[in-house]
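Residue numbers (the UniProt record's numbering), protein chains in the order written: chain A, 1 to 163; chain B, 1 to 163; chain C, 1 to 163; chain D, 1 to 163.
Calculated directly from the structure, the hints in this document are not laboratory data. Glycine is no exception: its CB is placed at the ideal position from the N, C-alpha and C atoms. Just so you know, not all the hints are guaranteed correct.
Partner residues aside, some chain D positions facing chain A, computed with beta carbon under 10 angstroms [as the list claims (entries may be wrong)]:
#1 56
#2 60
#3 78
#4 82
Distance ranges between label pairs, derived from CB positions [unchecked claim]:
#5 C/88 to D/133: 30 to 36 angstroms
#6 D/51 to B/87: 19 to 25 angstroms
#7 A/133 to C/38: 49 to 55 angstroms
#8 C/45 to B/42: 47 to 53 angstroms
#9 A/77 to D/137: 17 to 23 angstroms
#10 A/85 to B/88: 35 to 41 angstroms
#11 A/82 to D/87: 29 to 35 angstroms
#12 C/88 to D/135: 47 to 53 angstroms
#13 A/77 to C/77: 36 to 42 angstroms
#14 A/113 to D/51: 23 to 29 angstroms
4 protein chains.
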Amino acid sequence: MSNTQTAATAAAAAPPLNREEMKGASGEGGLTLEELKEKMAIFAKERDWDQFHSPRNLLLALVGEVGELSEIFQWKGEVPRGLPDWEEQEKLHLGEELSDVLLYLIRLSDICGIDLGEAALRKIELNAIKYPINLCKGSSRKHNRIKTIPDDAATTSNDNGGV
Amino acid sequence: MSNTQTAATAAAAAPPLNREEMKGASGEGGLTLEELKEKMAIFAKERDWDQFHSPRNLLLALVGEVGELSEIFQWKGEVPRGLPDWEEQEKLHLGEELSDVLLYLIRLSDICGIDLGEAALRKIELNAIKYPINLCKGSSRKHNRIKTIPDDAATTSNDNGGV
Amino acid sequence: MSNTQTAATAAAAAPPLNREEMKGASGEGGLTLEELKEKMAIFAKERDWDQFHSPRNLLLALVGEVGELSEIFQWKGEVPRGLPDWEEQEKLHLGEELSDVLLYLIRLSDICGIDLGEAALRKIELNAIKYPINLCKGSSRKHNRIKTIPDDAATTSNDNGGV
Amino acid sequence: MSNTQTAATAAAAAPPLNREEMKGASGEGGLTLEELKEKMAIFAKERDWDQFHSPRNLLLALVGEVGELSEIFQWKGEVPRGLPDWEEQEKLHLGEELSDVLLYLIRLSDICGIDLGEAALRKIELNAIKYPINLCKGSSRKHNRIKTIPDDAATTSNDNGGV
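Isolated chain A, as found in the complex (with noise of 0.2 angstroms):
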């Protein structure tokens, strides 16, 4: 998101969304991966957007909105945990960014035949694997030799700074 008027600003306006709809169309226990997947299929489904969801195509858009996310927090330096100082609107058009990755990410996934809750539950299943607490606890030296979470169960590649 780039303009001036940003869907921040329309949702703003907008009246807020009735939250216990929201939990309703989760389910008790909150929002699944899977619920945001169909419901992504429908909107694309509906008009007919298929035909342009190829995985590269949405790949690229999905760099595009990680682009648009960059931008929020380009020429603030380092911000604090929890964004203290940001006005509510800033935080609003961070949720849309954070969103847009989100969505184009699970959207990928779906058409590329990826299960990705099987893969992230794996994932972390691995990353524990890789990261022993006792190995990896507490020293920033270590945190220096070592990746975090989200990284890859058997790379030793990031010497530079993996936490």
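Knowing the structure of chain A, use the given hints to seat chains B, C and D on it.
Chains B, C and D alone, transformed into the frame defined by chain A:
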């Protein structure tokens, strides 16, 4: 992931995840964003990694993973939906890179104090307003003037290929 | 660039640059990286923008521009070399986004104290060592096991499609 | 680049490039974009790699390299200009990743039929029109409403931190 021996290799060698267990972990309705967020938070806390998980650190880590995802597709030319010609191991690898992006995205959202599930539902609603079915359906010319699902409700920007 | 009225539009309306003048600016042999670096430094200094040009700010700005570059290609499917079917304005827009990436890359290198020209020449030499002509030529199978030009001389990483 | 043994390692071990030779190669005025373009074209031709260098393949390869560049910075927090605390080898590695991005960018431009040098000069001119010195200088508030040098002449988009 860029190493010759990938986590995919490890995953292929490892016993398969117990699907029932996974279902158990995520309840009847599938894996939720909330569950993944909590798993990531515990993972980081156990390793004392919260100190490294600042918003911009996580954002750059996300960009790194998007790069690794892109590398999988970079020399292939266009690939068909469902990736019918890919070897099983290559799909496992793809699942890992998609997961890496997802996990950092969820972690980044959490650290920024954004409810990603709520934001995603809101974004889908905004997209539905922005891309009315009757206006968007069918015509590729119209698709060329309109951006696709996970895009911005208020942007009119991408004249050059928005779907 | 994501606005409906792009700089490409402005460029199309503006008088063409004087090619001789440009040659004059960059000498007989064409535009150098050094000249671009100096132009950028002056530009920032005149506007008192050095304060914003920290390494990570510039890196995120670069990522933002790569996103905008990707948006140009995102819904097109495969496009042939030379972009024979693109309108002149679309090519102007593409030139702008390519330039944005280049200019931030040069600025980032400068701010980090890296001599980009020297680094690039060295990288080409390393690539020549890594990809000997007789081993790399001709076979697509070999290409699938080897990464391409601007890649890392020592990496053996990308089994999945390195050229 | 993500391997433990990086090209930086190889470069450190190798004899230094002959600076005079490099100057010789690039003439009095320094290395030109044109020279790099020609080197890349010869490199690809010698290895029969033109077949792999389609626009979108190269674009995804570029994204991959931007990811590797980001990995260098991802766990560091803010880093000062000039990178005073970085080890020599880390700077060599950074130079390689910056070069990888540059070389793919130049190759992508060439394959698309874009004269990158001409486009970059034009973009700087457009930026100078867009960001008049007297309007942009000094005030960070103004900077927050204006995007920076390599940005789009016509965009008014980034309300959230454009410099």
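Evaluated hints:
no.	hint	verdict
1	56	holds (6 angstroms)
2	60	holds (7 angstroms)
3	78	holds (5 angstroms)
4	82	violated (17 angstroms)
5	C/88 to D/133: 30 to 36 angstroms	holds (31 angstroms)
6	D/51 to B/87: 19 to 25 angstroms	holds (22 angstroms)
7	A/133 to C/38: 49 to 55 angstroms	holds (51 angstroms)
8	C/45 to B/42: 47 to 53 angstroms	holds (48 angstroms)
9	A/77 to D/137: 17 to 23 angstroms	holds (20 angstroms)
10	A/85 to B/88: 35 to 41 angstroms	violated (48 angstroms)
11	A/82 to D/87: 29 to 35 angstroms	holds (33 angstroms)
12	C/88 to D/135: 47 to 53 angstroms	violated (31 angstroms)
13	A/77 to C/77: 36 to 42 angstroms	holds (39 angstroms)
14	A/113 to D/51: 23 to 29 angstroms	holds (28 angstroms)
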